[in-house]
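Chemist: The residues making up each chain are set out below.
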Amino acid sequence: MIVRTSLLLILATTVAFLLSLLLPFASIATLLGQDPSLASAVFVELRLPRAVLALVYGATLGASGAAIQALFANPLASPDLTGTTSGAALGAVVTAYLLEFTAPLALSAGAVVGAVAALGLLLALAGSKAETSTLLLAGLAISALAGALTTLALALAPSPFAFYDAYEWLMGSLVDRSLGQAVFALVPALVSILLLLRQVPALDSLALGEESAQAMGYDLRRTRFWVVALSALGVGGCVAICGAIGFVGLVAPIFARRLTRGHPGRAIVPAALIGGVLLLAADLTVRAAPLGRTLPIGVVTAMLGAPFFLFLVLRMRRGVAS
Amino acid sequence: MTSLLEAREIAVHARLEPTNLQCVGGEMIAVIGPNGAGKTSLLRALAGIELEHGSVIIDGEAVVAAPPARRMRLLSFLPATRSLVWPISARDVIALGLLLPDPKRVDELIELLELKPLADRPVNSLSTGERSRVLFARALAARPRLLLLDEPLSNLDPYWVLTTLRILKATVSDGGSAVLASLHNLDQVTAFDRVLLVHDGRILADRSSAGMLASDELGQAFRVERTGSGWKIRETA
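Chains as they are written, first to last, in our numbering: chain A, 6 to 327; chain B, 28 to 264.
Treat the hints as calculated values from the structure; they're not laboratory data.
It is possible that part of the hints are untrue.
Unchecked claim - Result set (SDA-like, lysine to any residue): computed pairs, CA atoms no more than 25 Å apart in a straight line:
#1 B/K143 / A/R266
#2 B/K196 / B/D134
#3 B/K131 / B/D147
#4 B/K131 / A/A143
#5 B/K131 / B/L192
#6 B/K143 / B/L153
#7 B/K143 / A/L13
#8 B/K143 / B/L126
#9 B/K131 / B/G87
#10 B/K131 / A/Y172
#11 B/K196 / B/D227
#12 B/K131 / A/F316
#13 B/K196 / B/T155
#14 B/K196 / B/E138
#15 B/K143 / A/L184
#16 B/K131 / B/A169
#17 B/K143 / B/L127
#18 B/K196 / B/E36
Since this is a predicted model, take the numbers as computed values, not measurements.
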C-alpha cells in the first residue's frame, strides 16, 4: 500500500514535470517544424527553468513545511504562516533596493538572512512547544512586520520604479527566469532538503514529546538549529528567485503524513514530492487559464490554499490534528 | 554487586542540588515528595535531559555521551504529560521506542497491556488513561536497563495500577534492570523496595518503604501524619 502510493507519487511528479515542459504542445511542435534551433532555445531557456523552479520551489516548501510542523508539533505551522517567506522577501528587497546589490548570490544571501531572522524571532517569541494560537499570532505579527518593512524599504528605495518592479516578484512568479537563476534556487534547495533528511529520526521521536526525544539521546537544540537554518536556506534561495508563494508548505505535509501513518519526520520526502506536484499543477493552471494573460502563481496557490487553511482551523476546533 | 546506576553530583540550576545516587539491578525505587520538590527534575537529570552538572553512568556507560542507538538500551523516560499531537496509531507509537522494527516485540507489548482493541487507533483520539498505557508500552519496548517513570500510576484505574506494578516487578525480576518511579499516592510506596524522599531539590531520605512510611522526615516534608487508617494534616505546634 505505502510502496504503491510512493510509486504513484513519484510517477505523478514525473508526469507533472514533463507536462510542464511540453505544454502547450502545439506551439512547440510547430516551432520545431519551422526553426528547430529556436524551438530548442525556447525549450531550454523558457520552459526548462520554469518547470525546474516549480518543482524545486514546491519541493522546498513541502520539505521545510513538514520539518517546521514536526518541530513545532503543529500541523498549522508552515513557512508562510510562520513569517519565514515574508522574512525572506524582506531580506531580498532590502538587499536589492536599499543596499542595491542585485547579483543573484547577494539576493539569495539577503533572503536567507531574512528567513533566518523571521524563524529565529518566532522561536524566541512563541517557543518551540507553543499553543497553536500563540504560534499563529506570533507568525502573523512577524509576517505583518516583514510586510510593512518590505513596503517601507520599497518606498525609501532610490529607484522610483521599485514598487512597480518588485510587485510581480513579490506576488510570486516563475515566469522568465533564466536557467542560471533556476540553478541559484536549485542548489540551496537541494542542500536544504538533503540535510533535512538527517533530522528525520529526531523529528519522528519528537512526536513522543520533547522530553522523550531528549531522553532518547536527541539534542533538540541542534535539531532546532538545523531545521531553522535549512528551512531558511531552502525557502530563502527560492524566494530570492521567485518571490513569495504561500500555502504549498502548509498543505503538502498534511497530505504527506497520510502516507507516513502520521509520522511527522519521515513525511519530509513525500511532502517534498507533493509540494513539487502542487506547484507544477498550479503553474499549469496559470498557463491554461483562458484569461489572455499570465496570473501570478502565488495568487493561485493562495486562492486554493486559504480555504483549505480555514477548513483545517475548523477541524482543529473539533480537536483533530492532521 | 556492582551498581546499575551511578549518578554523581547531578544538579539542575534552582531545581536540583548536587545529588548522588546508586542503585543495583532488580531494584524498584519510588520517588516521593511534595509538589515542586524536584521529583521530575531528579528523573529528568537521570535521563540526561538538560543535565548541567555531574554524570550519570548506567551499566558502566556515560549516558550523556551515548548516541540515540545506545541510549535507548540504557534508559527510557516516561514524561508526566500524556499529550500526543500527531494521529499516529498506538502500534506505531510503541514502535517508536524501538531502534529497529520488531513487530513481534510490539505485539507482545500490545498483548501485555491489553491494547489490542486500540492498537490501530490514532493515539490523539484515545483517553488519557489509554494513552498512558500506550506510552508505558513505548517506554518498555527497547528493554532498557533503567526505567525512569514520571507518575506512571496517575490517570490509571485500580486494575491498571496493580497491573502496571506487576509488569514492573516482572521486568526487574531478572536483576538486569531497575525502575525509578515518582508517585503522589503514599499508599502505593509499599509496592516498592526502596523509597527516595525528595524535598527542596535534594534527596532528604532514602529508606525501605516501611521505614519511610514510619519516618519523621516524611511527615515533615509533606506536613501530614499517619492516623490509624490514613493521613491527616499535621498541626504545627
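Chemist: Now, for every hint given, state plainly whether the structure supports it.
Modeler: Against the structure, the hints:
1. B/K143 / A/R266: holds, 18 Å
2. B/K196 / B/D134: Judged against 25 Å, a Cα distance of about 20 Å means the pair holds.
3. B/K131 / B/D147: With a Cα-Cα distance of about 16 Å, the restraint between B/K131 and B/D147 holds, given a limit of 25 Å.
4. B/K131 / A/A143: violated, 45 Å
5. B/K131 / B/L192: Judged against 25 Å, a Cα distance of about 23 Å means the pair holds.
6. B/K143 / B/L153: holds, 13 Å
7. B/K143 / A/L13: Roughly 32 Å separates the two Cα atoms, so the pair is violated.
8. B/K143 / B/L126: holds, 22 Å
9. B/K131 / B/G87: The given pair, whose Cα atoms are some 29 Å apart, is violated under the 25 Å limit.
10. B/K131 / A/Y172: violated, 59 Å
11. B/K196 / B/D227: violated, 30 Å
12. B/K131 / A/F316: The given pair, whose Cα atoms are some 39 Å apart, is violated under the 25 Å limit.
13. B/K196 / B/T155: holds, 24 Å
14. B/K196 / B/E138: holds, 17 Å
15. B/K143 / A/L184: violated, 56 Å
16. B/K131 / B/A169: holds, 12 Å
17. B/K143 / B/L127: holds, 22 Å
18. B/K196 / B/E36: It is violated: about 29 Å lies between the C-alpha atoms, which goes past 25 Å.
Consistency note: the structure conflicts with the earlier hints numbered 4, 7, 9, 10, 11, 12, 15, 18.
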